[in-house]
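J.: Chain residues, written in single-letter form:
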Amino acid sequence: MDPPTLDPSACLRSKKTRKFMGTQDDLAVLAAAGALAQAGLTAEALGERAGLFAVVGYIPFNREDIDPVLANSLEGEHFSMARFSAGGFQRAHPLLTFRCLPNMPAFHVSANFNVQGPYFVSYPGVGQVYTALEEARAELDSGRIDIALAFGVAHQRNFLVQHHFSRVEPPEAPDTLWDAGACVILERAEYAAGRGARARAELVELTQRYTPHSAISEQTPQREQATGVPLREGARGPASLFTLLFDALAKGHSGEVVHTVDTRDHLSAQSRWRVLS
Amino acid sequence: MKRRVAITGLGVVAPNGANVPEFLDALLAGRSGIRAVRSFDTASLPTRIAGEVRGHYGAPLPDRKIGFALEAARQAFAQACAFGSAPSGRGGLSLGVGLELFSMADLAQQHSGRASSGSSLERLSFMQTPSDLCAHFLSHAHSLSAPPLLHVSACAAGSDALGAGFRRVRDGRADFMLVGGTDSMINPLGMAGFAALNATSTRNAEPERASRPFDRGRDGFVLGEGAGMLLLEPWQAALARGAQPLGELVGYGNSLDAHGISEPHPEARGAAQAMSRALADAGLAPTQISAINAHGTATPKNDPIETLAIHRVFGQHAWNMPISATKSLIGHLISAAGAVEAVAALVCMNAGWVHPTLNLDDADPACDLDYVPRVARRHAQDYVLSASYGFGGHNAAIVLRGAEAALAAG
Chain A
47 MDPPTLDPSA
57 CLRSKKTRKF
67 MGTQDDLAVL
77 AAAGALAQAG
87 LTAEALGERA
97 GLFAVVGYIP
107 FNREDIDPVL
117 ANSLEGEHFS
127 MARFSAGGFQ
137 RAHPLLTFRC
147 LPNMPAFHVS
157 ANFNVQGPYF
167 VSYPGVGQVY
177 TALEEARAEL
187 DSGRIDIALA
197 FGVAHQRNFL
207 VQHHFSRVEP
217 PEAPDTLWDA
227 GACVILERAE
237 YAAGRGARAR
247 AELVELTQRY
257 TPHSAISEQT
267 PQREQATGVP
277 LREGARGPAS
287 LFTLLFDALA
297 KGHSGEVVHT
307 VDTRDHLSAQ
317 SRWRVLS
Chain B
148 MKRRVAITGL
158 GVVAPNGANV
168 PEFLDALLAG
178 RSGIRAVRSF
188 DTASLPTRIA
198 GEVRGHYGAP
208 LPDRKIGFAL
218 EAARQAFAQA
228 CAFGSAPSGR
238 GGLSLGVGLE
248 LFSMADLAQQ
258 HSGRASSGSS
268 LERLSFMQTP
278 SDLCAHFLSH
288 AHSLSAPPLL
298 HVSACAAGSD
308 ALGAGFRRVR
318 DGRADFMLVG
328 GTDSMINPLG
338 MAGFAALNAT
348 STRNAEPERA
358 SRPFDRGRDG
368 FVLGEGAGML
378 LLEPWQAALA
388 RGAQPLGELV
398 GYGNSLDAHG
408 ISEPHPEARG
418 AAQAMSRALA
428 DAGLAPTQIS
438 AINAHGTATP
448 KNDPIETLAI
458 HRVFGQHAWN
468 MPISATKSLI
478 GHLISAAGAV
488 EAVAALVCMN
498 AGWVHPTLNL
508 DDADPACDLD
518 YVPRVARRHA
528 QDYVLSASYG
538 FGGHNAAIVL
548 RGAEAALAAG
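Just so you know, the protein sequences line up as chains A and B, in that order.
So the first sequence is numbered by the numbering used here: it starts at 47 and just counts up by one.
So the second sequence is numbered by the numbering used here: it starts at 148 and just counts up by one.
Here chain A stands alone, though its shape is the one from the complex (with noise of 0.2 Å):
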């Protein structure tokens, strides 16, 4: 989901650990927390037997963080290591590493709604999303977890995002990079039916495909599709797939929905989903 706020403090166990969060750990704690929500789970049934499986967009630097280490760090235009070392390091605010790490978002997840079962922490982009849904759903057909958490965050409305996204072919405009974080939640059907849950969605089937090739000579555009339900405009990284679903549920979608990619790494995946009215 794009929350209207980003504020997941109400979502928090502990109110010291927000001077820690940066925009994708609000995004997947708030994301987590809504799913959780609609399933009618709590902090205390999960534990041990819930498993995470967690994608993470490009790692995010705002212009605002990294600018006073630059301004601290230069000789005439060049970048001089003896004035970054000198007190140009100092000037990074001190929590910018846990804001912009890529497991992190995991962290916030898994210290908030008690989740302390296998994870499979993963990045960049939607591709590595069905990498993970294929090891959520490993675990939980091997009966090491009931329930997995699958989530997807992109923090990409930052300058450094933004760069990389205007270096590749085809270069994405800045405001079509959207900040989007979106939370499943799969369960083994046996554990679901014991606690009365009742489903939303089944994963019906998933298919993926990798073709190795040179990352520098072989860029090629990516293409996202859907069935069923329309996907939002704008580029939502590894949030792409969960908003497609969040917006077929909300929206009383009943049948088949199909997401479709294939990506700039040259992985192609399809995923099929009953969604229940």
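It is worth saying that the hints were derived from the structure and are not from the lab.
A virtual CB, placed ideally from N, CA and C, is assigned to each residue, including glycine.
Be aware that a few hints might be false.
Listed below are the simulated DSSO-like cross-link pairs for lysine-lysine, each with C-alpha atoms no more than 27 Å apart in a straight line [as the list claims (entries may be wrong)]: (1) B:Lys448 with A:Lys61; (2) A:Lys65 with B:Lys448; (3) B:Lys448 with A:Lys62.
Which residues of chain A face chain B? A partial, calculated answer using Cβ under 8 Å [unchecked claim]: (4) Phe66; (5) His124; (6) Ser131; (7) Ala132; (8) Met150; (9) Phe153; (10) Val161; (11) Pro164; (12) Gln208; (13) Phe211; (14) Ala235; (15) Leu252; (16) Gln254; (17) Thr266.
Cβ-Cβ distance ranges computed for the label pairs, FRET-style [what the hints assert, rightly or not]: (18) A:His259 with B:Asp188: 29 to 39 Å; (19) B:Gly319 with A:His259: 40 to 50 Å; (20) B:Leu268 with A:Ala243: 44 to 54 Å; (21) A:Arg255 with B:Ala427: 12 to 22 Å; (22) A:Thr257 with B:Ser235: 39 to 49 Å; (23) A:Pro140 with B:Pro209: 22 to 32 Å; (24) B:Gly557 with A:Glu248: 49 to 59 Å; (25) A:Arg255 with B:Pro209: 27 to 37 Å; (26) A:Ser260 with B:His203: 42 to 52 Å.
Given chain A, work out where chain B should sit, using these hints.
T.: For chain B alone, coordinates are given in the frame of chain A:
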């Protein structure tokens, strides 16, 4: 039907060894790879030492961890294919990989209006080199056609990469897997970032003595860099193609602390869960583990909690096992740590030794186990557990069986 998973190839690029034989020799000799940083001027950074890899490894992009990974993978495939045919079928990659390389020099260039407008390679790496490119270079180099698994679970990523790849081979979801980790945080932002967190040792005058896991005088970890790669394939398929198994990966478990952002659970819950899950996955009793390759970062908080976790899982048997901390010799390789340490554990087990924990001169009373201080020791081993515990509460453990025990099992 679960399949046995053979390890048929190993590759390593480490601060104290450019390949597996060199690495093993350095481990057993207690030769440290930690020195004053040479790759850039650390000027007056609080920490000016690291476990740097010596030599240059060519790569398509100027990100050192890509070159390390390509070289370690080359070694692993060369060893795996030294006898018999090459592994066949659909291969995949499971890679623990470090953060995107962010260039302050490029940022300064952009700031002054002199942004790169060069080749696609230059544009792609200008200011930031996305880490996922490393996986695609590896997959391309070795024609790995399964979608790559990228792990960014911080210091646990290397062990997670081994574990996830192991499960894919064991469960029949892949015909073979290249698994491992690669990282280099020895750059201005990386060094400064960890220093700002007061996480790294400032024992700059004595680089080789700076990484001191379990020692009372430890003052933080020392950054290292490098890569470790292993080739995994079904045991029967490996034998059928004439390969010589170097060992077996038999179990994997991981867990989330769900506790503090930078401190481990005070009762070592997550670390104990990861080790217990790995043992259960392997179908082993704690008493069957012959030795442990510890995470052993040499941070004040980690080492006692890791010790507590070992006590909780192994009970009385904790006193019977030698425990080695590879980071005492090479520093903390972050996302590559678990993979390189797995290589260390396996080659030492196959050699019939445990490598020393360097600089353990005065053990912390809260760290009361046998950490093999200073000198390598002869020790027969059937199974070794290797553990990694990451910033943010990610815990992973794998169990390895040595070549002799694996071959004896048929």
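J.: Give a verdict on every hint.
T.: Here's how the hints hold up against the structure:
1. B:Lys448 with A:Lys61: holds, 23 Å
2. A:Lys65 with B:Lys448: holds, 22 Å
3. B:Lys448 with A:Lys62: holds, 20 Å
4. Phe66: holds, 5 Å
5. His124: holds, 6 Å
6. Ser131: holds, 4 Å
7. Ala132: holds, 5 Å
8. Met150: holds, 6 Å
9. Phe153: Phe153 of chain A check passes; min Cβ-Cβ to chain B is 4 Å, inside 8 Å.
10. Val161: holds, 6 Å
11. Pro164: holds, 5 Å
12. Gln208: violated, 11 Å
13. Phe211: violated, 11 Å
14. Ala235: violated, 20 Å
15. Leu252: Cβ of Leu252 of chain A sits 11 Å from chain B, so the hint is violated.
16. Gln254: holds, 5 Å
17. Thr266: violated, 12 Å
18. A:His259 with B:Asp188: 29 to 39 Å: At 37 Å between Cβs, range holds.
19. B:Gly319 with A:His259: 40 to 50 Å: Roughly 26 Å apart at Cβ, these two residues miss the hinted range, so it is violated.
20. B:Leu268 with A:Ala243: 44 to 54 Å: Taking Cβ atoms as reference, Leu268 of chain B and Ala243 of chain A lie about 51 Å apart, which means the hint holds.
21. A:Arg255 with B:Ala427: 12 to 22 Å: Distance hint for Arg255 of chain A, Ala427 of chain B is violated at roughly 34 Å.
22. A:Thr257 with B:Ser235: 39 to 49 Å: This hint is violated: roughly 19 Å between Cβ atoms.
23. A:Pro140 with B:Pro209: 22 to 32 Å: Holds - the Cβ-Cβ distance for Pro140 of chain A and Pro209 of chain B, about 29 Å, lies within 22 to 32 Å.
24. B:Gly557 with A:Glu248: 49 to 59 Å: About 42 Å separates the Cβ atoms of Gly557 of chain B and Glu248 of chain A, which means 49 to 59 Å is violated.
25. A:Arg255 with B:Pro209: 27 to 37 Å: Holds: the Cβ-Cβ distance is about 31 Å, inside 27 to 37 Å.
26. A:Ser260 with B:His203: 42 to 52 Å: Once the Cβ atoms are compared, 22 Å apart, the range 42 to 52 Å for His203 of chain B and Ser260 of chain A is violated.
Hint compliance for this structure: hints 12, 13, 14, 15, 17, 19, 21, 22, 24 and 26 are not met, and every other hint is.
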